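There are 2 protein chains.
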Amino acid sequence: MEEIKVFCPATIANVSCGFDVLGLALESVGDEMLVRKTDKPGIKITKITGQELPLATENNVAGVAGLALLQKSDYQGGFEIEIQKKIKPGSGIGSSAASSTGAVWAMDQLLGNPFTKLELVQFAMQGEKLASDVAHADNVAPAIYGGFTLVRSYDPLDIIPIPAPDELFATVIHPQIEIKTSDSRKILKTNISLEKGIRQWGNLGGLIAGLYTKDYNLIGRSLEDHIVEPIRSILIPGFDQVKSSVHDSGALGCGISGSGPSIFALSKGEETAQIVAKEMASVYKTIGLDFDVHVSKICSRGVASLMAGPKDI
Amino acid sequence: MEEIKVFCPATIANVSCGFDVLGLALESVGDEMLVRKTDKPGIKITKITGQELPLATENNVAGVAGLALLQKSDYQGGFEIEIQKKIKPGSGIGSSAASSTGAVWAMDQLLGNPFTKLELVQFAMQGEKLASDVAHADNVAPAIYGGFTLVRSYDPLDIIPIPAPDELFATVIHPQIEIKTSDSRKILKTNISLEKGIRQWGNLGGLIAGLYTKDYNLIGRSLEDHIVEPIRSILIPGFDQVKSSVHDSGALGCGISGSGPSIFALSKGEETAQIVAKEMASVYKTIGLDFDVHVSKICSRGVASLMAGPKDI
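Respectively, the protein sequence lines represent chains A and R. Numbering (full-length UniProt numbering) for the first sequence: 1 to 313. Numbering (full-length UniProt numbering) for the second sequence: 1 to 313.
Simulated from the structure, these hints should not be mistaken for lab results. Treat the hints with caution; some may be incorrect.
No more than 30 Å apart at the CA atoms, straight line, and that leaves these computed lysine-lysine pairs for DSSO-like [stated by the list, open to error]:
1. A:Lys117 to R:Lys214
2. R:Lys214 to R:Lys196
3. A:Lys268 to R:Lys214
4. A:Lys72 to A:Lys37
5. R:Lys88 to R:Lys297
6. A:Lys186 to A:Lys214
7. A:Lys180 to R:Lys196
8. A:Lys196 to R:Lys117
Remember, predicted model here, so these are calculated numbers, not experimental data.
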């Protein structure tokens, strides 16, 4: 195989009580990339459509992630990459992670799968480092593995894939304001009360148990974050109204996607997720803020080939 | 049925990263109780063997828990209780919880099961309140449900039973020193760093995932507590040596049982759990402290009838 076209899913990190550890991948929101083997060593970004992003390899997250892979490979050639951005950078649904992940996953496919998923996450994390100064795995892990992923530890990196129940749908609304990740990190407190910590790990335990047992009600009860959401939500206009409309619409629960400004909700079934989308949208229509809204099943397989034939992961 | 004999399992609360939320029940360590219907209303503790404990109903945890049940029942009669204590009070493996749980579970059986497990936990929690001033569910929940239990929330009380993998065994050593629960709670800090909090909920998520997937290695990697153990272990002589000997013996991991002074380890298979017991014991032999040591499978069913015939839970 000389070239491959891939789908790179958008992802939600910081899933409520799973701040900094739990992420999920979306099935119907993501970028597309075409990656092609070339004789010339190195990575060349030949084309980016949909967004204004740097073409220079070392300034592009896909380029940097790809270089990290090449460093660990004995392949003598190089790759050309075309990126069709559909995820808006800064939207809080893993735009940079999608590009980094797509690049390294496609290269691994073209080289005959020499790397493990964990290694691909580590390469893609270099793209995240370029994007946000922190080589975090919150978005690239679910983009690679699909479903939900728990980053149990960074030292050593330990990623636990957790299957998503079939009827679980996400609604994500992106109000068109800019929040810098550095700002949303700066306002977090370095200390929390033990009492709130206990509630957080109780809820995270409940959420993980709910995912394994497909107990949608338990998933909903566990989607509580008493630590980060009360602070970060201040930066998101209309957050409280959105949250209250989401609950009234029958969603299981909601929270901030990544470091915002997007807000996600989880629902049982697509129908409810669509109702939630309408209610979320009506809040921003009333406020007068532009927005994008997406409804998507949780993606069970992560980054995937868009070529004909059975998917090979 | 006019009387019933029950086994009331010992329990381990604060299972490592599951401080204040995760507990488990032991299969072969516990008290026995005989509970008998009487025409005379109220609860009478007729006999306690094995330990010196108060017989007056309102000063006995089983009595108080039983009174809480009677208050919610339309039963006009009463109960007599004989307790055969095998768990030492103050050992950190749920001595009071065993008595409270056994009493209310037996009464519920004799009355034809009018109550839910959640209600039985709530009655038994009144016994815990008498024993330690706090109506906590950490020990009574696993004693009622068996296996592991997660107390996700107290308001409202939300208990998630989590199955224990078949080959999971606990070793518990009880060095014969007294640590008051109030002292071990007093030395805890009211604030923790967000960074340690994140590690804790990452580990708890890993532990719950490991229990569902029977991934013993993941269970072991997740048995880390960077918040409570470093503080409370100071009160337990030889803790660091025990921990290090446990890891050398092939256990999955270890931690403080409840608020101490007992130390528990979890192992895959009874053979390893027995080796761990010997190694733990040798530490206290060297120090010169008396101790009890137990090896037990994780109890899948919780409190149970000791009468002939199939168990009715």
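Below or equal to 30 Å on CA atoms is what counts here, so check Lys72 of chain A against Lys37 of chain A. Judged against 30 Å, a Cα distance of about 17 Å means the pair holds.
Please verify whether Lys117 of chain A and Lys214 of chain R have alpha carbons no more than 30 Å apart. holds, 21 Å
Is the straight-line distance between the alpha-carbon of Lys268 of chain A and that of Lys214 of chain R 30 Å or less? holds, 27 Å
Assess, step by step, whether the Cα of Lys214 of chain R is no farther than 30 Å from the Cα of Lys196 of chain R, and give holds or violated. holds, 26 Å
For the pair supplied as a hint, Lys186 of chain A and Lys214 of chain A, is the alpha-carbon distance within the 30 Å limit? Judged against 30 Å, a Cα distance of about 36 Å means the pair is violated.
Given the proposed pairing of Lys180 of chain A with Lys196 of chain R, does the C-alpha separation stay at or below 30 Å? Distance ~24 Å between Lys180 of chain A and Lys196 of chain R Cα, so the pair holds.
Hey, Lys88 of chain R versus Lys297 of chain R, does the alpha-carbon distance stay inside 30 Å? holds, 19 Å
Is the Cα-Cα distance between Lys196 of chain A and Lys117 of chain R 30 Å or less? The hint holds at about 27 Å.
This entry does not satisfy hint 6, going by the numbered hints stated previously; all others are met.
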